[in-house]
Amino acid sequence: MKALKLSQILAISEGTANRDSDVIINEVSSLIDGNNHSISFLGNRRYISQIKDSKAGIILVDNDFDTAGFDRLFVSCEDPSASFTKIADHFAPPIIEYTPGIDSTAHIGQNTTIGENVYIGPGAIIMDGASIDDNSVICANAYVGHHVTIGAYSILYPNSAVRERCEVGQRVILHSSCVIGSDGFGFIPGKDGHKKIPQVGIVQLQDDVEVGSCTTIDRARFGKTIIGEGTKLDNLIQIGHNVIIGKHCFIVSLVAIAGSVQIGNFVTIAGQAGISGHLQIGDGCTIMGKAGVTRDLKPGEVVMGMPATSRREFIADRIQLRKISKLEKRLKELEDKFK
Amino acid sequence: MKALKLSQILAISEGTANRDSDVIINEVSSLIDGNNHSISFLGNRRYISQIKDSKAGIILVDNDFDTAGFDRLFVSCEDPSASFTKIADHFAPPIIEYTPGIDSTAHIGQNTTIGENVYIGPGAIIMDGASIDDNSVICANAYVGHHVTIGAYSILYPNSAVRERCEVGQRVILHSSCVIGSDGFGFIPGKDGHKKIPQVGIVQLQDDVEVGSCTTIDRARFGKTIIGEGTKLDNLIQIGHNVIIGKHCFIVSLVAIAGSVQIGNFVTIAGQAGISGHLQIGDGCTIMGKAGVTRDLKPGEVVMGMPATSRREFIADRIQLRKISKLEKRLKELEDKFK
Amino acid sequence: MKALKLSQILAISEGTANRDSDVIINEVSSLIDGNNHSISFLGNRRYISQIKDSKAGIILVDNDFDTAGFDRLFVSCEDPSASFTKIADHFAPPIIEYTPGIDSTAHIGQNTTIGENVYIGPGAIIMDGASIDDNSVICANAYVGHHVTIGAYSILYPNSAVRERCEVGQRVILHSSCVIGSDGFGFIPGKDGHKKIPQVGIVQLQDDVEVGSCTTIDRARFGKTIIGEGTKLDNLIQIGHNVIIGKHCFIVSLVAIAGSVQIGNFVTIAGQAGISGHLQIGDGCTIMGKAGVTRDLKPGEVVMGMPATSRREFIADRIQLRKISKLEKRLKELEDKFK
Chain A
59 MKALKLSQIL AISEGTANRD SDVIINEVSS LIDGNNHSIS FLGNRRYISQ IKDSKAGIIL
119 VDNDFDTAGF DRLFVSCEDP SASFTKIADH FAPPIIEYTP GIDSTAHIGQ NTTIGENVYI
179 GPGAIIMDGA SIDDNSVICA NAYVGHHVTI GAYSILYPNS AVRERCEVGQ RVILHSSCVI
239 GSDGFGFIPG KDGHKKIPQV GIVQLQDDVE VGSCTTIDRA RFGKTIIGEG TKLDNLIQIG
299 HNVIIGKHCF IVSLVAIAGS VQIGNFVTIA GQAGISGHLQ IGDGCTIMGK AGVTRDLKPG
359 EVVMGMPATS RREFIADRIQ LRKISKLEKR LKELEDKFK
Chain B
59 MKALKLSQIL AISEGTANRD SDVIINEVSS LIDGNNHSIS FLGNRRYISQ IKDSKAGIIL
119 VDNDFDTAGF DRLFVSCEDP SASFTKIADH FAPPIIEYTP GIDSTAHIGQ NTTIGENVYI
179 GPGAIIMDGA SIDDNSVICA NAYVGHHVTI GAYSILYPNS AVRERCEVGQ RVILHSSCVI
239 GSDGFGFIPG KDGHKKIPQV GIVQLQDDVE VGSCTTIDRA RFGKTIIGEG TKLDNLIQIG
299 HNVIIGKHCF IVSLVAIAGS VQIGNFVTIA GQAGISGHLQ IGDGCTIMGK AGVTRDLKPG
359 EVVMGMPATS RREFIADRIQ LRKISKLEKR LKELEDKFK
Chain C
59 MKALKLSQIL AISEGTANRD SDVIINEVSS LIDGNNHSIS FLGNRRYISQ IKDSKAGIIL
119 VDNDFDTAGF DRLFVSCEDP SASFTKIADH FAPPIIEYTP GIDSTAHIGQ NTTIGENVYI
179 GPGAIIMDGA SIDDNSVICA NAYVGHHVTI GAYSILYPNS AVRERCEVGQ RVILHSSCVI
239 GSDGFGFIPG KDGHKKIPQV GIVQLQDDVE VGSCTTIDRA RFGKTIIGEG TKLDNLIQIG
299 HNVIIGKHCF IVSLVAIAGS VQIGNFVTIA GQAGISGHLQ IGDGCTIMGK AGVTRDLKPG
359 EVVMGMPATS RREFIADRIQ LRKISKLEKR LKELEDKFK
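Residue numbers (the numbering used here), protein chains in the order written: chain A, 59 to 397; chain B, 59 to 397; chain C, 59 to 397.
Only chain A is shown next, with the shape it has when bound in the complex (with noise of 0.2 Å):
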């Protein structure tokens, strides 16, 4: 029986009640969506208002809150968080299980290697040549391309795609409708069309890897485009050919990557950021939300704006046009005295 009681929760929680209750719980919550049977948390003051309103039959708050004020029942502990994560957790459903062995809808193509404790569920498409390592899924109607290898323990779920020669390392996950290895934009513009340049090369996506669901990386003219080791990947985000980031990078969703970038290690890039062709970018940097980079960055560097600089330049920007304003009666002032 995974319900729990309040005598329960504070052993949890190592937290003390403002009072007793015969409370049963089974379910987390926000604080704005509960009932008499959830408990939530109050994880940032700035939520406080929310208190009042809420259903939930317990609220965790830190052990600095004052309760007095609230007919209802609080558990106060050191990190309501860290609690409420570990309850949460208790709560979980148990996770999907994929049981080992080839649906018999799959496609297996012709010199295929498939490693032991391997799932490939029905509709799943395995072309000629390609390799899956021990315990991988390849969830249904995924798809993996002529001479492709998958790493051991790695997932590729429902219609995620991994385009031929693609090298894909152990513990990677691939989510849904993400498309690995697609070609690269590369056209010979005339004035008759464009012709369009062969994208002969790879990806490769190293150990621990995560792409987001829609996220697409394209193959490189040549060599390969590289996500480095245990770099995450957010949903729709672009990365275009010859593209080679370094290790534990966080990209948030809808950035655009243009070709021949390079990125070092531990960059975080915020959503919907841009970086344009051929630039480096150098470890530990901070690219903001919605800035757009049009030059090389330094290691470290924190920019924002379009063209992005440094967050210093660009409120400095913005505190001198609200300047202006004042200025103009200062020179009003003047002009009136000498007319």
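It is worth saying that the hints were derived from the structure and are not from the lab. In this text the structure is predicted, and so the values were computed from the model without any measurement. What you were told as hints is all true, and nothing was included just to trick you.
Identical copies look the same in the list; a pair holds intra-copy or inter-copy alike.
In silico SDA-like links for lysine to any residue, alpha-carbon gap of 20 Å or less: (1) Lys254 with Pro152; (2) Lys356 with Gly335; (3) Lys381 with Glu391; (4) Lys387 with Lys397; (5) Lys282 with Tyr105; (6) Lys282 with Glu85; (7) Lys305 with His252; (8) Lys113 with Phe123; (9) Lys110 with Gln338; (10) Lys384 with Ala374; (11) Lys110 with Asp91; (12) Lys381 with Leu392; (13) Lys113 with Gly127; (14) Lys282 with Asp91.
Could you slot chains B and C onto chain A? The hints should help.
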């Protein structure tokens, strides 16, 4: 026979012609894309210059439009746009019918519940424990994950995917390659690599929601990511984990909404706008195209720019900027006076 | 045998070496990603610092480059980039061949027409009434809707989808997870919910169009959304309903084009730009990255910023902004003079 004579056009539009004609109309067209058997309309005076070169057999105009000076056949009526829509619907091809039944190549898992009059197309996947209510359509190669529930009269277009346990309401439309319930983007950062935070919640799409092609909606860390009743999402939108969107909102393409944002009812968010994490957007707000919202919005606010400010403030800033060269000139005159 | 000796490299590049060598080259690489059996090139002097640490066995440079002072093997030639491309093509893996034939797991509907030498892969779906012309390739799990026509020599990559009645020309390339012909985003707003406007038109992709991964092109309200001959669309682009795009345009990733926009020929739209609804963009315009176009553009205009203005105006605004602090200083001096 679907072709229409002038007399029939006059009847449908309750209009009058500037001359008689035995023209036969068998399709609708825009002004620039017609032929002598098509009918077009002038919906906006800014397109007036297109009349001269239009090849359309009949052009619908409003009663105030002066047809003299053009040597062509006009039908004047009260609302040309509405009349044109009626005629377009007359010529519309029959709607594609999906005859109820389960294709022999569909995958139907264990312990599924399939209602009356349901269509399940070739290659569609219904995983264990899923349930599809009456009159729904699951198109070819669509994916319905473990324990997902799909309400009555909903349609999943080809290649759409709903991951495990998500809840889809009645009359919901999911367009191709959309992804409902992929993992939220949550990690514990670390110097030796980032640790994935399990995303054990779900996505709930309430009744009458529409989700565009390649739009991605992440499942909650725990609890639910919620899209409220009647809300319409365009293509290529990112909705982060634990976002809660109210009823009857419009969200246009390429918008990014970061995790835990709460959005009220009847909010409009235009193309390529973004909202930072954990913000609260009041009922009836309008966020203009490309705006970047970085603070809570009160009900009814209209914002633009990055960072987003009121429209008034945004325009004021631009006017200030234009003043600078004038200020410089006036200052120079004063300086010269006292040299 | 594909490996190349120095003499063969000299022949292909019509170049000269700075010393003799018995090096054997068997792959191409970038400067930073090579080994002693790879050949690289210096395409741009800004990468000159990468030469020192490069492990490439041979580096192609132009005839003006001074090879003295580097202890490595150079081949000097007229156009290092072009020579490199020739050598890369020499080493390119064989193109994936899709042997004509219909896989037994493909779905072929009623009244379809399949031309000569067509490949239809495993799990591909051809709905009733569709027609595929000679020499086309429909990859695994791709979807061809009811009454769709696909011209000769076209390729639909895995998981691409073309909805009912759309027209695809000859030599068209559709990348994975693109969606052609999903419903336009059209509703009659209402206080009790928004009413969907039927989208009964189609999408027409003319000859030699290329559509990137996860790009979405909405069908017309009525009539046609048109992508003109030879136009190339990158990944993750949104094209709204009734948009008409001319011939030989380039549109880069994450661009949003709202409904009923008309775009001329040879227009370039860079990444993350957007165009508001119903605008007209003249032939040969260039819209820079992240620009937001809110007015019609005359032929040949080059615009940037949000709202988009001419490049000249955009830069002028930034220069003005930088003047403010100087103006303030000069004003202060005048004020002090007359205190």
